[in-house]
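Keeping their order, the protein sequence lines are chains A and B.
In terms of the UniProt record's numbering, the first sequence has 250 at position 250, counting the first letter as 1, and numbering is strictly consecutive.
In terms of the UniProt record's numbering, the second sequence has 414 at position 414, counting the first letter as 1, and numbering is strictly consecutive.
There could be a bad hint or two in this list.
One copy or two, it doesn't matter: identical chains are merged, so the pair holds either way.
[Unchecked claim] Computed cross-link-like contacts, BS3-like style, restricted to lysine-lysine with a CA-CA straight-line distance of at most 27 Å:
{"id": "1", "residue 1": "20", "residue 2": "280"}
{"id": "2", "residue 1": "333", "residue 2": "112"}
{"id": "3", "residue 1": "210", "residue 2": "243"}
{"id": "4", "residue 1": "31", "residue 2": "20"}
{"id": "5", "residue 1": "30", "residue 2": "144"}
{"id": "6", "residue 1": "144", "residue 2": "112"}
{"id": "7", "residue 1": "333", "residue 2": "31"}
{"id": "8", "residue 1": "110", "residue 2": "31"}
{"id": "9", "residue 1": "144", "residue 2": "280"}
{"id": "10", "residue 1": "30", "residue 2": "210"}
{"id": "11", "residue 1": "31", "residue 2": "210"}
{"id": "12", "residue 1": "144", "residue 2": "192"}
{"id": "13", "residue 1": "110", "residue 2": "210"}
None of these hints come from the bench; they were simulated from the model.
2 protein chains.
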Amino acid sequence: MGIVVQKYGGSSVADAVGIKRVAQRIVNTKKQGHDVVVVVSAMGDTTDELIDLANEVTPLPPARELDMLLTAGERISMAVLAMAIQTLGYEARSFTGSQAGVITDAEHGKAKIIDVRPGRILGAVADGAIAIVAGFQGVSQTTKDITTLGRGGSDTTAVALAVALEADVCEIYSDVDGIFTADPRIEPRARKIPRISYEETLEMAAQGAKILHLRCVEYARRYDMPIHVRSSFSEREGTWVVKDPQAGVAQESLMESAIITGVAHDRSQAKITVVGVPDKVGEAAAIFRAIADAQINIDMIVQNVSAAATGLTDISFTLPRGEGQMAMAALAKLQSTVGYERLGYDDSVGKVSVVGAGMSTSPGISARFFESLSEAGVNIEMISTSEIRVSVVVSETQVEAAVNAAHAAFELGTDEVEAVVYGGTGR
Amino acid sequence: MGIVVQKYGGSSVADAVGIKRVAQRIVNTKKQGHDVVVVVSAMGDTTDELIDLANEVTPLPPARELDMLLTAGERISMAVLAMAIQTLGYEARSFTGSQAGVITDAEHGKAKIIDVRPGRILGAVADGAIAIVAGFQGVSQTTKDITTLGRGGSDTTAVALAVALEADVCEIYSDVDGIFTADPRIEPRARKIPRISYEETLEMAAQGAKILHLRCVEYARRYDMPIHVRSSFSEREGTWVVKDPQAGVAQESLMESAIITGVAHDRSQAKITVVGVPDKVGEAAAIFRAIADAQINIDMIVQNVSAAATGLTDISFTLPRGEGQMAMAALAKLQSTVGYERLGYDDSVGKVSVVGAGMSTSPGISARFFESLSEAGVNIEMISTSEIRVSVVVSETQVEAAVNAAHAAFELGTDEVEAVVYGGTGR
């Protein structure tokens with residue numbers, strides 16, 4: 001059998017009890033005949049505690065030193081995990097990102113992996129040992145300084161290592177059983193999705209489902225590395241993220257396969273409306289150049305048809321709430337040049353999306369989605385679509401009703417409540 | 001001006017307040033025109049907390065992984081210290097032992113430094129930056145694994161770096177003002193020693209004075225690197241440990257210079273007596289071979305003259321209390337072959353030593369020492385001497401009286417109480 005890469009998040013190794021449980025799981029996989037390479041995050045709240053410590057001496061920690069500091073977190077968890085495995089009678093060796101050959105650029109805090117040279121990991125595996133690798137970290141090719149990969153870094157480390165090691169699968173463990181058709185906390189009939197494509201997973205993640213980080217899924221898609229998302233608290237099969245979810249699935253199941261894979265929602269956004277923009281060439285460009293120059297990522301954009309009588313139009317867009325005030329300040333500076341009437345800001349909005357690869361060949365998805373919202377009394381404020389997704393912005397108070405309505409309309413539900421917890425994947 | 005190496009122990013960087021205070025001291029040294037390279041220990045109790053964490057998963061942590069775990073401690077303190085310095089407007093870069101070029105053998109937990117290749121440190125210094133180096137750690141030349149240097153490791157890192165960088169001085173900071181003529185906690189008239197030789201410092205340390213670790217002083221002596229022992233809590237001059245303490249000191253001061261430099265004491269030992277050993281060739285050898293095979297370090301040994309009538313003798317020796325039961329077990333196995341009568345064990349003993357380089361040319365030191373103890377009513381159980389030291393073992397309850405008596409007999413005291421605290425130097 002080949003190599004299995006397993007990634008355990010901070011919630012799985014939050015304390016000594018968790019570490020021992022994870023050690024036992026790793027040993028069980030080894031006993032089944034696999035070579036095992038493990039990527040581990042920092043224990044529980046360690047990263048936040050280290051950031052707090054840094055903030056005790058400076059409000060703006062220098063990036064190189066913050067990376068040096070934060071990488072202490074995985075160093076602790078990986079060493080203790082290796083100890084716990086050895087206590088079970090199996091050899092284990094821990095490796096920092098640098099020792100594992102995770103080579104990055106020099107962008108501290110958000111470094112990108114540019115190469116993986118897993119010579120020492122392969123050496124450990126050849127010796128029959130279980131290799132434990134620190135997630136989230138690497139070493140800069142140019143400066144030789146320690147770097148961190150930023151959010152989702154440990155998942156990305158795991159997939160990148162799996163690719164470099166030509167592993168059979170990259171297993172991503174957290175405290176949830178897999179990817180669900182909707183957040184079970186607001187949709188009790190949510191069902192675990194057994195298999196899902198990279199593209200659908202990307203859309204679900206981008207639309208607010210806290211399952212896998214975009215970077216890691218993009219990396220897996222580029223190299224066609226299967227990801228198995230599962231819980232470290234149960235032995236159940238989780239969700240397989242693969243290139244072709246229907247490959248190998250029996251034909252009768254295919255017939256029944258859903259057009260929509262899941263419903264995602266996102267409560268982290270705000271909506272800005274620029275009211276009364278003169279409808280002439282270059283005005284919209286000026287607005288979005290100002291936003292881009294302020295390093296703000298915007299999501300959905302809607303421009304109304306201009307009223308012929310006034311020659312004025314409204315432009316609305318959504319963006320992360322945390323960047324709302326910065327964007328408003330950038331736009332305020334434009335009023336004299338662009339000549340808009342006023343700005344509107346609304347942070348009590350939510351986004352609800354239906355995602356499914358079958359959508360592109362099934363007409364009427366948008367209609368069915370909008371009808372279900374209408375029947376549930378949900379008012380649609382904005383709409384955007386992609387090849388495999390339809391998203392709407394609604395009032396934050398109507399997010400739950402919208403998720404429930406869409407989930408029912410596309411018959412995603414089950415009678416059995418499978419999961420109670422639906423959490424983040426850590427970093 | 002040249003390079004100054006400064007080493008700060010865990011008590012100096014116990015929290016954010018301490019780190020900021022140390023950062024200010026470092027910047028002050030830089031402002032005086034020195035290039036500064038700093039070696040730092042883990043914050044406060046970090047090392048003990050990490051050991052506790054390891055013990056939560058295994059009673060006997062594997063050495064390689066324990067080193068990986070413990071080195072997280074300095075990683076945290078050095079990164080936060082570098083941040084604090086940068087907040088003061090000076091560039092600072094932290095380096096792990098490996099990055100600083102501290103090359104060791106592969107003996108995890110007690111690695112020896114075999115080379116220092118400080119290329120990156122010199123690069124940082126050439127850029128005008130303050131280099132912050134993790135103490136206590138290195139990287140194995142053969143396995144490329146992370147190692148720790150064991151007790152006194154940070155002091156040794158500092159001296160080794162100072163030698164490799166050809167620094168002007170290695171400053172060792174702790175929470176005491178320097179090396180004292182006796183422990184001020186039991187001898188209120190104790191006086192700070194301004195200058196002391198490597199040899200005297202070694203004897204003081206070996207005899208229980210918790211000032212500098214033997215390894216670091218031995219390293220400094222081998223390469224003639226001056227050590228300045230001082231407090232991070234005051235600006236006072238501390239104690240200079242040098243090759244020739246009287247060099248450059250005015251002749252009239254020399255005339256008055258004390259024959260005895262200080263009084264050390266040690267409450268960490270136990271005494272074992274093997275009673276009724278047949279006085280023939282090879283019996284003592286058999287006893288000490290058994291002790292050595294059990295990896296126990298013994299200190300003083302006394303063998304009584306055998307009583308002619310019985311042909312039996314008693315052999316007593318001292319050893320660290322923690323190893324007492326192991327030694328007793330090793331000796332118990334010998335009873336049938338060596339044929340001794342019985343074993344005695346006493347862990348309520350203490351050792352008091354007078355140390356001074358002037359001793360070798362001043363007769364009568366032992367007599368004056370023993371007379372002072374006699375006048376104080378202190379009973380001497382064992383005696384051992386070196387070229388520059390006389391040590392006695394006494395009852396633990398009489399240690400304080402013995403220190404006071406010796407301190408007064410050799411006129412080491414001052415009327416002024418200089419220090420209240422007299423602590424360890426951390427690791």
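Hint check results:
no., hint, result
1, 20 <-> 280, "neither (65 Å within a copy, 56 Å between copies)"
2, 333 <-> 112, "neither (34 Å within a copy, 63 Å between copies)"
3, 210 <-> 243, "within (20 Å within a copy, 65 Å between copies)"
4, 31 <-> 20, "within (16 Å within a copy, 50 Å between copies)"
5, 30 <-> 144, "between (34 Å within a copy, 26 Å between copies)"
6, 144 <-> 112, "both (14 Å within a copy, 25 Å between copies)"
7, 333 <-> 31, "neither (64 Å within a copy, 43 Å between copies)"
8, 110 <-> 31, "neither (37 Å within a copy, 34 Å between copies)"
9, 144 <-> 280, "neither (51 Å within a copy, 65 Å between copies)"
10, 30 <-> 210, "neither (29 Å within a copy, 48 Å between copies)"
11, 31 <-> 210, "neither (32 Å within a copy, 50 Å between copies)"
12, 144 <-> 192, "neither (43 Å within a copy, 45 Å between copies)"
13, 110 <-> 210, "within (19 Å within a copy, 45 Å between copies)"
Of the hints listed earlier, those the structure fails to meet are numbers 1, 2, 7, 8, 9, 10, 11, 12, in rising order.
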